Amino acid sequence: MKYALLVMGAPYSSQAPHSALRFARALLEGGHTLDSVFFYREGVHNASFLMTPPQDEANLHRLWCELNREHGVKLDVCIAAALRRGLMNAEEAARHGYDEHSVAPPFALTGLGQLLDIQQRCDRLITFAA
Amino acid sequence: MDNTLLVVIRSAPYQGVRLRESLDALLVGAAFGKPVVPLFMGQGVLALLPGQAPGAPGQKAALPIIEMLEMYDIDTLYLPAADAAARGLDGRDLIANTRLLDADAVKTLLHEAGQVLTF
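From first to last, the protein sequence lines are chains B and D. Residue 44 in this note's numbering is what sits at position 44 of the first sequence, and the numbering runs on without skipping anything. Residue 3 in this note's numbering is what sits at position 3 of the second sequence, and the numbering runs on without skipping anything.
Heads up, some of the hints might be wrong.
Computed footprint of chain B on chain D; a stretch qualifies when at least three of its residues, placed anywhere within it, have a C-beta under 8 Å from a C-beta of chain B [said to hold, decoys possible]: (1) 16-30; (2) 109-118.
Have a look at the derived ranges for each label pair, beta carbon to beta carbon [claimed, not checked]: (3) THR33(B) to GLY88(D): 42 to 52 Å; (4) ARG121(B) to ASP73(D): 16 to 26 Å; (5) ARG121(B) to GLU112(D): 39 to 49 Å; (6) ALA130(B) to GLY114(D): 20 to 30 Å; (7) LEU110(D) to ALA58(B): 31 to 41 Å.
Hints listed in this document are in silico derivations from the structure and should not be mistaken for laboratory results. Note that the structure is predicted; figures quoted are calculated from it, not measured. Glycine residues also receive a C-beta, built at the ideal position from the N, C-alpha and C atoms.
Generate the whole structure from the sequences, applying the supplied hints.
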C-alpha cells in the first residue's frame, strides 16, 4: 500500500515526529511504500538543519534526511506555515532580504495544494498531530 | 469513490493560528475545485459563535474567513450536536448555515467522504 504522512508536531516538544518516524520505518519494513511526508503547523520546525540537540539525543532533522536517502521519501513543507515561523530556504531568504536560511533539500517548500495532491495519489494519509 | 474532502476542525479560536491554518486547508481544497465539507468538532464548535472580534493582542479573528466560505461553495458548516450541547450551546447560539448532526449522521459523514483531513 502507498502511504503518506502528515506531521504537525514540533520536534522535542511533541511526540508526533518521533511517532511518525517509527511508523514510517515500520511500514517500510512491512513492505509498503512511503511516498511523502508533509510538514504543517509546528511540524515545519522538523525541516530546520540548524537544530542541534545534545549528542546523546536523536537529531530528528537527520533522521528525516536518512529516510529520504534510503527510501526516496519526499519531504514537503508548507511554505506559509514555515515562513510564519521564520523557516525558509535560500531562495525565500533572498526574496525576503535575509542573509541566512535554515531549510535546504531534501526538504522542499511547497503549498497546501501539494498535501491534497499527496492525499489523492496515496492509499492512506496518516496524521500525526501535536 | 466519492471525491468529497471532509476537513475536521478541532481548534478553538484564538488558540494561536491553529484555527486559521485549518481553515486554509478548506480554502485550498475549494480552490482546487473539490467538493469540500467542514466538520467542526470538540473545541472547534466555538469557532461558529457569532460576534467574534480580534482577540488577544495580535490575534486576528477567524470568523470573517468562516463567513466567507460560502463564496467558495462551502455552504453548510457541520458540527456534532453533542459537542455543542457539552459547551451549553444549541443552534440558536451559532452563526447561520450551521447544521447540527446526531452521532449517526457524523459517522455517515466520515464514512462517505472520499478523503478526510483532521486538524
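Against the structure, the hints come out as follows:
1. 16-30: Holds, because 7 residues of the segment 16-30 of chain D bring their Cβ atoms closer than 8 Å to Cβ atoms of chain B.
2. 109-118: Check passed, 3 qualifying residues.
3. THR33(B) to GLY88(D): 42 to 52 Å: holds, 47 Å
4. ARG121(B) to ASP73(D): 16 to 26 Å: Once the Cβ atoms are compared, 24 Å apart, the range 16 to 26 Å for ASP73(D) and ARG121(B) holds.
5. ARG121(B) to GLU112(D): 39 to 49 Å: Because 21 Å falls outside the window, the suggested range is violated.
6. ALA130(B) to GLY114(D): 20 to 30 Å: Distance hint for ALA130(B), GLY114(D) holds at roughly 26 Å.
7. LEU110(D) to ALA58(B): 31 to 41 Å: Holds: the Cβ-Cβ distance is about 35 Å, inside 31 to 41 Å.
Hint 5 from the earlier list is the only one contradicted by this structure; the remaining hints agree with it.
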